[in-house]
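As numbered in the UniProt record's numbering, the sequence shown has no gaps in its residue numbers, which increase by one up to the final residue, 457.
Because the hints were derived from the structure by calculation, they are not lab data. Predicted model only: the values in this text are computed from it and were never measured. Glycine included, each C-beta is placed from N, C-alpha and C at the ideal position. Please note that a few of the clues may not be correct.
As the list claims (entries may be wrong) - Here are the computed lysine to any residue pairs in the SDA-like style, where the Cα-Cα straight-line distance is at most 25 Å:
1) K57 to D233
2) K377 to K109
3) K157 to M1
4) K45 to E61
5) K438 to K369
6) K434 to L238
7) K84 to I71
8) K161 to N444
9) K369 to G295
10) K369 to H301
11) K327 to R194
12) K198 to L238
13) K163 to I86
14) K434 to I399
15) K327 to K302
16) K57 to K109
17) K327 to S241
18) K407 to S425
19) K137 to I94
20) K366 to L22
21) K95 to S124
22) K74 to I86
23) K414 to Q451
24) K198 to T267
25) K377 to K414
26) K52 to A221
27) K109 to K163
28) K109 to I86
29) K302 to L344
30) K45 to D138
To be verified - Ranges between beta-carbon positions, derived for each pair:
31) S115 to L22: 32 to 40 Å
32) I298 to E433: 56 to 64 Å
33) I81 to L112: 40 to 48 Å
34) R395 to T171: 57 to 65 Å
35) R333 to I298: 40 to 48 Å
36) K417 to K302: 15 to 23 Å
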Amino acid sequence: MKLTSLTAISPIDGRYANITILLRNIFSEYSFLKYRLNIEIQWLKKIISMSKLLDIKYSIESKEILFLDNIINKFNEQDAISIKKIEQKTNHDIKALEYFLKSKISKCKNLLYISEFIHFGCTSEDINNLAYALMLKDVRDTIILPLWQDILNFLKKMIVKYKCSPLLSLTHGQPATPSTMGKEIANFYYRMQRQYLKLPKIEILGKMNGSTGNYNACLAAYPHINWHKISQDFVTSLGISWNPYTTQIEPHDYISELFSCISLFNTILIDFNQDMWGYISLNYFNQKIVDHEIGSSIMPHKINPIDFENSEGNLGLSNALMYHMIKKLPISRWQRDLSDSTVLRNLGVAISYSIIAYNSVLLGIKKLKINNNQLLKNLDQNWSILSEPIQTVMRRYNIENSYEQLKKITRGKKINKNTIHDYISSLNIPEEEKKRLKNITPFNYIGYANQIVDEIK
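Model the full structure from these sequences, guided by the hints.
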């Protein structure tokens, strides 16, 4: 059976292939080979730049450097297949990559003379950790952060649009002090924005220091060279931060930090999805009708909040994988074990579920239309919520058992405007205060909700 979006086992490459297609340029086996080949070539270029220091006799000119650059710039699927064929014999992916690169430069005489400097002093993890670092940097900067920004932009529009839309709050699922829809969206915006600002500040680390992190092989060949400094220069030249203290592997702490931030953003987004789902259920939001869509195979009237449900489910899958990686990846037996290897190959899987979810929530948000009539109706049916401001003003005037008095007349009872106003009239407080209390309604008892929203940045 030919592999297509219909025959793929995973919905990442099947049902949702049109959403995750950009991730193939980062996390596919082809792309992983290309990232690693790039590291090998950049390291060889670093060695070439040190020719005098390393006593390399052969002169490497700009045309040879261009030749090396073109190996990666013109890398194609056939090259990837060639590497995989070599791997079938070596049963070692990095060694296959090294042999492939040696074969490539054999066509260039001057480079052929220095072919033994390919993968010089490196362990496989020197190549792999830097490739993964660049992959994660690229997906963070070019895909995740722009999608987070899109979500935040839409939330900000909702905040402004619904700034003056009062809603009956629900604490423990019961009627409570009102808020506004704009303020409720602002709560999520602020939480997500904190993670958005934090994510790009997380250092993505890399190392280039040999089999156990001590430059043993490099020092054996060139004992008078400061390989520690060379490692730092090389790693930072790739646009990532240098980790000076490692075993054979870069310990992946930064991946845990990165995924902790992403998974927290996801958790906040799950909370948002569930609240939007609930508001749709309460008829606070209507969903725009798409004529050709069907909500149920048997109930023609249905317009289901499927985008928020899809987002919630995929965020859960993503977080489950990320939580495992957060706990697993920083742990390695002594100087090296391979239990991280197969886990790291699933970085793209964990991130893919997040990307699917972000696109789904964006679809869901775009379909929302507030139902102000329902919001006002619910508020009008719950005048008992004004027991809070009334008893608080009574306390100000030192009226005994203020809370208990309001509890007696409101708890579990259907209260209307007249009941509330009659009670206010009976209070032994200044007439001016009675007038002020009677001007408070379930529709305007919203505290600083509007002012707080205006301060959103």
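A quick look at each hint next to the structure:
1. For the suggested pair K57 and D233, the alpha carbons sit about 23 Å apart, so the restraint of at most 25 Å is met.
2. Between the alpha carbons of K377 and K109 the distance comes to roughly 83 Å, so the proposed pair goes past 25 Å and is violated.
3. Distance check on the hinted pair: K157 and M1 sit about 47 Å apart at the alpha-carbon level, beyond 25 Å; violated.
4. Taking the CA atoms of K45 and E61, the gap is about 11 Å. The hint holds against a cut of 25 Å.
5. Restraint check: the Cα-Cα separation between K438 and K369 comes to about 32 Å, which exceeds 25 Å; the hinted pair is violated.
6. Restraint check for K434 and L238: not satisfied, since their Cα atoms lie roughly 70 Å apart, outside the 25 Å limit.
7. Of the supplied pair hints, the one linking K84 and I71 holds, its CA atoms being roughly 17 Å apart against a limit of 25 Å.
8. Among the hinted pairs, K161 with N444 is consistent with the structure: their alpha-carbon atoms are about 17 Å apart, no more than 25 Å.
9. With a C-alpha separation of about 18 Å, the suggested pair K369 and G295 falls inside the 25 Å cut-off, and the hint holds.
10. Simply put, K369 and H301 have alpha-carbon atoms about 18 Å apart, close enough for the 25 Å limit, and the pair holds.
11. Straight-line distance between C-alpha atoms of K327 and R194 comes to about 23 Å, which keeps the hinted pair within the 25 Å bound.
12. Taking the CA atoms of K198 and L238, the gap is about 22 Å. The hint holds against a cut of 25 Å.
13. Pair hint K163 plus I86 does not hold up; C-alpha atoms about 62 Å apart against a cutoff of 25 Å.
14. Under the criterion of a C-alpha separation no larger than 25 Å, the hint pairing K434 with I399 is consistent with the structure, at around 14 Å.
15. At most 25 Å may separate the alpha-carbon atoms for a hinted pair to count; K327 and K302 exceed this at roughly 42 Å.
16. Between K57 and K109 the alpha-carbon distance is near 14 Å, which keeps this suggested pair within the 25 Å criterion.
17. With a CA separation close to 22 Å, the supplied pair K327 and S241 stays within the 25 Å bound.
18. Taking the CA atoms of K407 and S425, the gap is about 17 Å. The hint holds against a cut of 25 Å.
19. Taking the CA atoms of K137 and I94, the gap is about 21 Å. The hint holds against a cut of 25 Å.
20. As the CA atoms of K366 and L22 are separated by approximately 23 Å, the hinted pair is consistent with the 25 Å bound.
21. A C-alpha spacing of about 8 Å is found between K95 and S124, which places the hinted pair at or below 25 Å, so the restraint holds.
22. This hinted pair checks out: K74 and I86 have alpha carbons roughly 19 Å apart, not beyond 25 Å.
23. The hinted pair formed by K414 and Q451 fails the criterion: a straight-line CA distance of about 31 Å is larger than 25 Å.
24. With a CA separation close to 15 Å, the supplied pair K198 and T267 stays within the 25 Å bound.
25. Between K377 and K414, the direct Cα distance comes to roughly 14 Å. Compliance with the 25 Å bound is thereby established for this hinted pair.
26. This hinted pair checks out: K52 and A221 have alpha carbons roughly 15 Å apart, not beyond 25 Å.
27. This hinted pair does not check out: K109 and K163 have alpha carbons roughly 70 Å apart, beyond 25 Å.
28. Taking the CA atoms of K109 and I86, the gap is about 23 Å. The hint holds against a cut of 25 Å.
29. The hinted pair formed by K302 and L344 fails the criterion: a straight-line CA distance of about 42 Å is larger than 25 Å.
30. Restraint check: the Cα-Cα separation between K45 and D138 comes to about 22 Å, which is no more than 25 Å; the hinted pair holds.
31. A hinted range of 32 to 40 Å holds for the C-beta pair S115 and L22, which are about 35 Å apart.
32. In this structure the hint that I298 and E433 lie 56 to 64 Å apart at CB holds, the actual value being about 58 Å.
33. The hinted range of 40 to 48 Å is not satisfied by I81 and L112, whose Cβ atoms lie roughly 24 Å apart.
34. The supplied range of 57 to 65 Å is broken by R395 and T171, whose beta-carbon atoms lie about 20 Å from each other.
35. Restraint check, R333 to I298: a C-beta distance of roughly 56 Å breaks the suggested window 40 to 48 Å.
36. Checked against the given bound of 15 to 23 Å, the beta carbons of K417 and K302, roughly 36 Å apart, lie outside it.
Of the numbered hints given earlier, the model fails hints 2, 3, 5, 6, 13, 15, 23, 27, 29, 33, 34, 35, 36; all others are met.
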